[in-house]
Amino acid sequence: MDFATLLQMLDATLRLATPLLLACLAGLFSERAGIFDIGLEGKMLAAAFMSAAIAAVTGDVWLGLLAGIGASLVLSAVHGLASITFRGNQLISGVAINFLAAGLTVVVAQSWFRQGGRTPQLSGDARFNPITLPFAETLREVPVLGPIYYELISGHTILVYVALAMVPLTWWVLYRTRFGLRLRAVGENPAAVDTAGVSVVALRFAAVGICGVLCGIAGAYLATALQASFVKDMSAGRGYIALAALIFAKWRPWYALYACLLFGFLQALSLRPDIITNVIGFRVNGQLLDVLPFILTVIILAGFVGKAIPPRAGGQPYVKER
Amino acid sequence: METMPKWADVILIPLISVILAAVLSALVILAIGENPWSALKLMVEGALGSTYGWGYTLYYATNFIFTGLAVSMAFQARLFNIGGEGQAVLGGLGVALACLYIPWPHWTLALLGASLMAAAFGAAWAAIPAYLQAKRGSHIVITTIMFNFIAAALLNYLLIGPLKVPGSMEPATATFPAATHLPSFQDMFNFGGTTFFRGAPANITFFVGVAACIAIWALIWRTRLGYEMRSYGQSEAAAKYAGISPTKIIMITMLISGGLAGMMAINNVQGEAERLVLNAVEGAGFIGIAVALMGRSHPFGVLLAALLFGFLYQGGAELALWTSIPRELIIVIQALVILFTGALDNMVRMPLERLFLTIKRAKQ
Numbered sequence: 001m002d003f004a005t006l007l008q009m010l011d012a013t014l015r016l017a018t019p020l021l022l023a024c025l026a027g028l029f030s031e032r033a034g035i036f037d038i039g040l041e042g043k044m045l046a047a048a049f050m051s052a053a054i055a056a057v058t059g060d061v062w063l064g065l066l067a068g069i070g071a072s073l074v075l076s077a078v079h080g081l082a083s084i085t086f087r088g089n090q091l092i093s094g095v096a097i098n099f100l101a102a103g104l105t106v107v108v109a110q111s112w113f114r115q116g117g118r119t120p121q122l123s124g125d126a127r128f129n130p131i132t133l134p135f136a137e138t139l140r141e142v143p144v145l146g147p148i149y150y151e152l153i154s155g156h157t158i159l160v161y162v163a164l165a166m167v168p169l170t171w172w173v174l175y176r177t178r179f180g181l182r183l184r185a186v187g188e189n190p191a192a193v194d195t196a197g198v199s200v201v202a203l204r205f206a207a208v209g210i211c212g213v214l215c216g217i218a219g220a221y222l223a224t225a226l227q228a229s230f231v232k233d234m235s236a237g238r239g240y241i242a243l244a245a246l247i248f249a250k251w252r253p254w255y256a257l258y259a260c261l262l263f264g265f266l267q268a269l270s271l272r273p274d275i276i277t278n279v280i281g282f283r284v285n286g287q288l289l290d291v292l293p294f295i296l297t298v299i300i301l302a303g304f305v306g307k308a309i310p311p312r313a314g315g316q317p318y319v320k321e322r
Numbered sequence: 001m002e003t004m005p006k007w008a009d010v011i012l013i014p015l016i017s018v019i020l021a022a023v024l025s026a027l028v029i030l031a032i033g034e035n036p037w038s039a040l041k042l043m044v045e046g047a048l049g050s051t052y053g054w055g056y057t058l059y060y061a062t063n064f065i066f067t068g069l070a071v072s073m074a075f076q077a078r079l080f081n082i083g084g085e086g087q088a089v090l091g092g093l094g095v096a097l098a099c100l101y102i103p104w105p106h107w108t109l110a111l112l113g114a115s116l117m118a119a120a121f122g123a124a125w126a127a128i129p130a131y132l133q134a135k136r137g138s139h140i141v142i143t144t145i146m147f148n149f150i151a152a153a154l155l156n157y158l159l160i161g162p163l164k165v166p167g168s169m170e171p172a173t174a175t176f177p178a179a180t181h182l183p184s185f186q187d188m189f190n191f192g193g194t195t196f197f198r199g200a201p202a203n204i205t206f207f208v209g210v211a212a213c214i215a216i217w218a219l220i221w222r223t224r225l226g227y228e229m230r231s232y233g234q235s236e237a238a239a240k241y242a243g244i245s246p247t248k249i250i251m252i253t254m255l256i257s258g259g260l261a262g263m264m265a266i267n268n269v270q271g272e273a274e275r276l277v278l279n280a281v282e283g284a285g286f287i288g289i290a291v292a293l294m295g296r297s298h299p300f301g302v303l304l305a306a307l308l309f310g311f312l313y314q315g316g317a318e319l320a321l322w323t324s325i326p327r328e329l330i331i332v333i334q335a336l337v338i339l340f341t342g343a344l345d346n347m348v349r350m351p352l353e354r355l356f357l358t359i360k361r362a363k364q
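Chains A and B are the protein sequences, given in the same order.
Residues 1 to 322 in my numbering are what the first sequence spells out, letter by letter.
Residues 1 to 364 in my numbering are what the second sequence spells out, letter by letter.
To be clear, the hints were calculated from the coordinates, so they are not data collected in a lab.
There could be a bad hint or two in this list.
[As the list claims (entries may be wrong)] Quick list of the computed label-pair ranges, beta carbon to beta carbon:
hint	chain 1	residue 1	chain 2	residue 2	range
1	B	T108	A	I299	39 to 47 Å
2	B	W37	A	G59	32 to 40 Å
3	A	G116	B	L30	21 to 29 Å
[Unchecked claim] Covered stretches of chain A, going by a simulated chain B footprint (3 or more residues, C-beta under 8 Å):
hint	segment
4	9-17
5	110-120
6	188-198
7	237-245
8	278-291
[To be verified] Which stretches of chain B does chain A cover? Using the computed rule of at least three CB atoms under 8 Å from a CB of chain A, they are:
hint	segment
9	128-138
10	285-295
11	324-332
Note that the Cβ used here is the ideal one computed from N, Cα and C, for glycine as well.
From just these sequences and the hints, can you work out the full model?
Shown next as C-alpha cells:
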C-alpha cells in the first residue's frame, strides 16, 4: 500500500468515525448519569430524516441540522419521560424508540416525498460541504506533511471538526466542572447527590438532553454530510457500534475517540476489500470486518483485556425515599 | 400492598396501553392523509375475512408465539433477551442442516429432528451472552444485541459461500427434500371438495407453538426449576440465600429462551420457505419483545398477543397492497405497543392505582 492510499484510508476512517464518535459521546453523557440508552440508533435515524427533509425543503442545511437535533430531542424527551419521570425500564424504552424511528421515518418520508421512503437528493447549500483549511493548497507540495495536511486534516465538513472538538470538551465538562462532577455522581450514587440537595431528576434530564443534541448532530451528519439524502435504515447499526465503542472505551471520552477511530477504520476497510487483499495477500470476508467491532467488544466484555465496569447506578430508576 | 384487583392488573392495564397505542397509530394514519377507520376495516378484512387471510395471520402468529415465549421466559428471571432475532437466525441454520443432510424417512421424524436442531442452535447462540452475564456481569442486553449482528453476518457468509447451491446466484440453500415437507393447513383441512386455507403458509407448527405455550406454563408455575427462576427474578439476594445458584438459573433460563427463539425456524424455514434464505426472520425476534410485554410474560397472554400481532402483520401487508400506507406502519404500531406496555407502564398504572385506592376508601 502506498502513501497516497494510506492517506485515503485514514481520510475515510475519519469520515466514518465521526457519526460513531458523536453517538458514542452522546451515550457517554447519558450512561454516566445512570440512564442506559440503547436508543442512540433511533435518535440518529430520526435526526437523519428530519435534517435531510428540512434541508431539502428549505435548501438550508443549517435549518436541517436544527430540525434534526429537534427530532432527536423529541425522542430523548420520550426516553426521559419513560425512564426518569415514570421510572420505567430504560432498555425497553430504548428499544421502543429505535422501532418508532425506524417505522415513522419511512412512513412520513413516503407520504411527504413519495419516493419510496427516501428524501430528494441534496446539493449546494442544502448539505454540508468540505472545508479547505487555510494554506492547505499552498502547503500541498511540502513532502509528507503537505499531503497529510491537505488530504487528511483539511477538506472535511464542519461537523467532523465539531465531533473532534467534542472530545476534549466532553472531558472538560465531565472532569473539570461542577456539573460534570454531579453528573458522574448521579450515575454512581444518586442518593448521595439527592442528599446534597441537588435534583437527580434535573441532572438526568440534562444528560438525556445533551445526548439528544449529540445524536441529532450525528444523524444530520449521516444524511447531509456523509451522504446527500435520507434513505431507509441509513443509520445501519451505527448506534449499536457506538454503544460497543462506549464499552470498549470503558465510558471515558478520550478512549471513546480511539475506539471510534478503530471502528471507523474497520468500516473504511470493509469498503475497500481490494486493499486488504493487496496488503495481507488473501481475501478477508467483508461481513467479518462489519461485525469485528462487536466481536472485539464481546472479547473485552469477556474480560480477556481488562474489565469494563459500567456506572454503578446505570439502568436503575431513582426512587426518592419518603 | 394490594391496591388493585388482579383483573385490573392482568386485563385493564394492557387493554388501556393497547388502546393508547391504537389511538396514536390512528393519529399517524390521519397525519399522512389516510382514513384510520377504513384502514382498520381493510386490515380486518384482509387478515380475518377469509381462511386465506387466517392462514397468513396464524402463520405470522406462530412465529411470534415462539419469539414471544423466548422473551417472556427470560423476563421470568428478570433477564432481557433482545437477541431472539439472532437466535432465530441460528435456529434456521440448524433446521437447514438437519433437513439437507439427514435423510428423513417421514415428516414426523423430520419435524422432531429439525426442532431439536433448531432449539440446540438457538440455545447455543444464547449461551455465550448468558455465560458472560452469569460469570462476568456484562449486560446481557448489550451482548445479545451484538450477537444479532454477528448472526446476521454469519448467515450472510454461509449463504453466499458454503451453503449456496453451486451455480446459482441467489443467496439461499437448496430446497429441502420432499420428505421434510410439513403438513400445511391446506393439507390438513381439506374435506372432500372444499379446501380451506388455500395457498396460505400456516402449517402444523402452529400446534407445536400452542403446545410450547402449555409446556412453558407448566415449567414456570408447576416445577421446582420454574419456581427458582421466578424467585431469582423477584430478588436475586433472596434467591441466593435460599440456595439457588444464580449462574445455574441464568444459564438454564437463557438456554431455554434461545431454544424457543430458535424453534421459530421450523415454522418459517421448514414449514414455509422449505429452504434457508437471507433475512428469513424478518424482525420476528424483535416483535417477540412487544408480544411478551403485552402478554404480561404469561404463556397464554403471549398466545393472545401473538395472534394480535399476527393480525397486525397480515393486515399491514394488505394495507401496503391496497393503499399508499407503507408496511413500516406496523413497526410504528409495534414500537408504540412496546412503549406503552413496557416503558410507560407506570404512566397507566399510577393513576389507576390512585383511582382504585379512592374507591376502596370510599367503600370503607
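Hints, verified against the model:
no.: 1; hint: B/T108 <-> A/I299: 39 to 47 Å; verdict: 43 Å, holds
no.: 2; hint: B/W37 <-> A/G59: 32 to 40 Å; verdict: 38 Å, holds
no.: 3; hint: A/G116 <-> B/L30: 21 to 29 Å; verdict: 22 Å, holds
no.: 4; hint: 9-17; verdict: violated (count 0)
no.: 5; hint: 110-120; verdict: holds (count 3)
no.: 6; hint: 188-198; verdict: violated (count 0)
no.: 7; hint: 237-245; verdict: holds (count 4)
no.: 8; hint: 278-291; verdict: holds (count 5)
no.: 9; hint: 128-138; verdict: holds (count 4)
no.: 10; hint: 285-295; verdict: holds (count 3)
no.: 11; hint: 324-332; verdict: holds (count 8)
Against the hints set out earlier in the document, violations occur for numbers 4 and 6.
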